[in-house]
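Start from the sequences, fold in the hints, and give me the full structure.
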Amino acid sequence: TKHALIHSNEEWEELLAYSFDQIDYSRLSELVVRSVKIKQDVVEKDPFERNIRKALNFGHTTAHAFESFAMHSEKPVPHGYAVAWGMIVELWLSHRLCGFPKEKLQRTVRFIQEHYGAFPITCGHYETLYEIARHDKKNIGNTIHFTLLSDIGELQIDQTAEKELLFEAFDFYRDSVGL
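Here the numbering used here runs 11 ahead of the position in the sequence shown, where the first position is 1.
Hints were generated in silico from the structure; no laboratory data involved.
Each hint should be verified, as a subset may be incorrect.
Unchecked claim - For each label pair, taking beta carbons as the anchor points, the in silico distance ranges come out as:
no.: 1; residue 1: SER37; residue 2: LYS113; range: 30 to 36 Å
no.: 2; residue 1: VAL54; residue 2: GLY128; range: 25 to 31 Å
no.: 3; residue 1: THR154; residue 2: TYR29; range: 34 to 40 Å
no.: 4; residue 1: ASP186; residue 2: MET82; range: 22 to 28 Å
no.: 5; residue 1: GLU55; residue 2: ARG121; range: 31 to 37 Å
no.: 6; residue 1: CYS134; residue 2: ASP32; range: 31 to 37 Å
no.: 7; residue 1: GLN124; residue 2: SER84; range: 17 to 23 Å
no.: 8; residue 1: VAL43; residue 2: ILE168; range: 24 to 30 Å
no.: 9; residue 1: LYS48; residue 2: PRO87; range: 42 to 48 Å
The beta-carbon is built from N, C-alpha and C at its ideal position, and this holds for glycine as well.
Set out below in structure tokens:
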């Protein structure tokens with residue numbers, strides 16, 4: 012999902028159209044190979060993560076907070092799931108800060124919720140999640156840095172969000188996944 016979002020509308024549309032209810036393994040294999048190629052191309056263009064490679068961080072800032080929080084709760088979650096849930100938060104930030112289209116936000120959120128479920132958080136967890144995110148290794152000082160999108164394939168690297176806005180993004184996440 013992440014690679015489609017950072018790459019192109021065509022890739023994203025194909026992923027959303029794929030039926031996980033009636034799996035076509037040949038088609039699924041094609042999608043996976045293309046996803047790996049997208050990642051490989053990004054890494055080759057920026058092997059030291061100085062610019063475009065930060066695209067691969069999309070969803071990860073929040074994902075790492077979810078993962079750390081889950082580990083402290085002794086209920087670890089798979090990394091891919093955490094990234095999917097993190098993308099919901101970061102797509103909402105993308106919408107608010109960079110103008111990411113609302114319709115694409117809603118379609119992506121539905122896809123993630125259908126295929127990844129939800130990570131259970133309450134409003135009482137926001138402060139802890141914020142503090143975890145603030146200490147992410149990719150931040151500069153105490154400022155949380157995100158890779159956001161102004162549209163599919165249009166990256167906005169090293170974006171920041173105030174604490175209150177991140178809490179609003181957590182509210183959106185909870186509402187979107189039915190918590």
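Against the structure, the hints come out as follows:
1. The hinted range of 30 to 36 Å is satisfied by SER37 and LYS113, whose Cβ atoms lie roughly 34 Å apart.
2. Look at VAL54 against GLY128: about 29 Å separates their beta carbons, and that is inside 25 to 31 Å.
3. At roughly 37 Å, the beta carbons of THR154 and TYR29 sit within the given window of 34 to 40 Å.
4. Against the hinted window of 22 to 28 Å, the Cβ-Cβ separation of ASP186 and MET82 comes to about 25 Å, which satisfies the hint.
5. The hint said 31 to 37 Å for the Cβ distance between GLU55 and ARG121, and at roughly 33 Å that hint holds.
6. Taking 31 to 37 Å as the suggested C-beta distance range, the pair CYS134 and ASP32 conforms, at roughly 34 Å.
7. Checking the proposed 17 to 23 Å range against GLN124 and SER84 shows it holds: the Cβ atoms sit about 21 Å from each other.
8. Distance hint check: the CB atoms of VAL43 and ILE168 are about 26 Å apart, consistent with the given range 24 to 30 Å.
9. Checked against the hint of 42 to 48 Å, the C-beta distance between LYS48 and PRO87 comes to roughly 30 Å, which is inconsistent with it.
The structure does not agree with numbered hint 9 stated previously, though it agrees with all others.
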